[in-house]
Amino acid sequence: AQSVTQLGSHVSVSEGALVLLRCNYSSSVPPYLFWYVQYPNQGLQLLLKYTSAATLVKGINGFEAEFKKSETSFHLTKPSAHMSDAAEYFCAVSSGYSSASKIIFGSGTRLSIRP
Amino acid sequence: ETGVTQSPTHLIKTRGQQVTLRCSSQSGHNTVSWYQQALGQGPQFIFQYYREEENGRGNFPPRFSGLQFPNYSSELNVNALELDDSALYLCASSLIASDPYEQYFGPGTRLTVT
Numbered sequence: 011a012q013s014v015t016q017l018g019s020h021v022s023v024s025e026g027a028l029v030l031l032r033c034n035y036s037s038s039v040p041p042y043l044f045w046y047v048q049y050p051n052q053g054l055q056l057l058l059k060y061t062s063a064a065t066l067v068k069g070i071n072g073f074e075a076e077f078k079k080s081e082t083s084f085h086l087t088k089p090s091a092h093m094s095d096a097a098e099y100f101c102a103v104s105s106g107y108s109s110a111s112k113i114i115f116g117s118g119t120r121l122s123i124r125p
Numbered sequence: 057e058t059g060v061t062q063s064p065t066h067l068i069k070t071r072g073q074q075v076t077l078r079c080s081s082q083s084g085h086n087t088v089s090w091y092q093q094a095l096g097q098g099p100q101f102i103f104q105y106y107r108e109e110e111n112g113r114g115n116f117p118p119r120f121s122g123l124q125f126p127n128y129s130s131e132l133n134v135n136a137l138e139l140d141d142s143a144l145y146l147c148a149s150s151l152i153a154s155d156p157y158e159q160y161f162g163p164g165t166r167l168t169v170t
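Listed in order, the protein sequences are those of chains F and V. Using the numbering used here, the first residue of the first sequence is number 11, and each one after it goes up by one. Using the numbering used here, the first residue of the second sequence is number 57, and each one after it goes up by one.
Fair warning: there could be bad hints in the mix.
Stated by the list, open to error - Label pairs and their computed distance ranges (CB to CB):
no.: 1; chain 1: F; residue 1: Lys68; chain 2: V; residue 2: Ala94; range: 28 to 36 Å
no.: 2; chain 1: V; residue 1: Gln73; chain 2: F; residue 2: Ser24; range: 44 to 52 Å
no.: 3; chain 1: F; residue 1: Ser122; chain 2: V; residue 2: Arg107; range: 41 to 49 Å
no.: 4; chain 1: F; residue 1: Tyr49; chain 2: V; residue 2: Leu123; range: 28 to 36 Å
no.: 5; chain 1: F; residue 1: Gln55; chain 2: V; residue 2: Thr170; range: 29 to 37 Å
no.: 6; chain 1: V; residue 1: Pro117; chain 2: F; residue 2: Thr15; range: 22 to 30 Å
no.: 7; chain 1: F; residue 1: His20; chain 2: V; residue 2: Arg119; range: 31 to 39 Å
no.: 8; chain 1: V; residue 1: Glu158; chain 2: F; residue 2: His20; range: 27 to 35 Å
no.: 9; chain 1: F; residue 1: Val39; chain 2: V; residue 2: Leu67; range: 34 to 42 Å
no.: 10; chain 1: V; residue 1: Pro126; chain 2: F; residue 2: Ser19; range: 41 to 49 Å
Derived from the structure by calculation, the hints contain no laboratory data. Yeah, the Cβ is synthetic: ideal placement off N, Cα and C, and Gly gets one too.
So here's chain F without its partners, still in its complex pose (with noise of 0.2 Å):
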C-alpha cells in the first residue's frame, strides 16, 4: 500500500527566503507523487508531478520537487516566497498503474509567509 507523509503541519517563512516542505513516502512499486496546492475556501490545483521521468520536476509558480528514490522524498521548494504562496500544500502519491488509480493525499502542510 502507498501512503505519505507530510513532515510540518505548519511552516513560516519570510518573503523572498526559500522554502522547503517536506514529503517522504512509502510504496512497494515505483511511485507517481504530486504537489497540490490548495487556496482558502477552493479545491486542489496541481503544482507538479513525477512520473518517473526526470527526478527533477519544475511546476507553476516557481516551485520544484526533486525524487529521492534512496531517501524516498519528494520534497517541495520555491527559492524565494512570495505573499501568495501563502496557502495549504499537499504531497500525494497514486495508488497504482491502472487509468483507475485513486491518489493518497498527506495530512498538508499549510505555508504562512511573514512580511
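Since the structure of chain F is provided, determine the placement of chain V on it from the hints.
This is chain V only, laid out in the frame that chain F set:
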C-alpha cells in the same frame, strides 16, 4: 474549456437526513473521482466512476453511493448523515487512457451536519 464544477457550494443538513452532491466534469473527461476532506486533513478517496460504473472505492460505508451519467457528470449520495460526515467534498475529473494521473479538482461542496 470548462473546468470542473460542483453544486451546491455549501449545504447544511441534520443528522439522519440524506444529501446529494453534484459534479460536472471537465469537458472531454470520462472519469470522476470523489474525495472527502475533513477540516485540517488531506482529502480521502471515496470512489471513482468510469463508464457509469463504480471503478474503485475507498474505505467508506455503503451509505456513500454515487452515480455517473452518460454526459460523465456525477452525483454523490450520502444516506443517514452523521456528524462526522461534515467535510468538504471534492470532485475530480480525468481522462482514462490519456494522462490518468492528472486529476482536475472542482472547488468542492462544504457539507455541515448538525
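For a quick check of understanding: which of the numbered hints are violated here, in increasing order? The structure conflicts with no hint, since it agrees with every one listed earlier.
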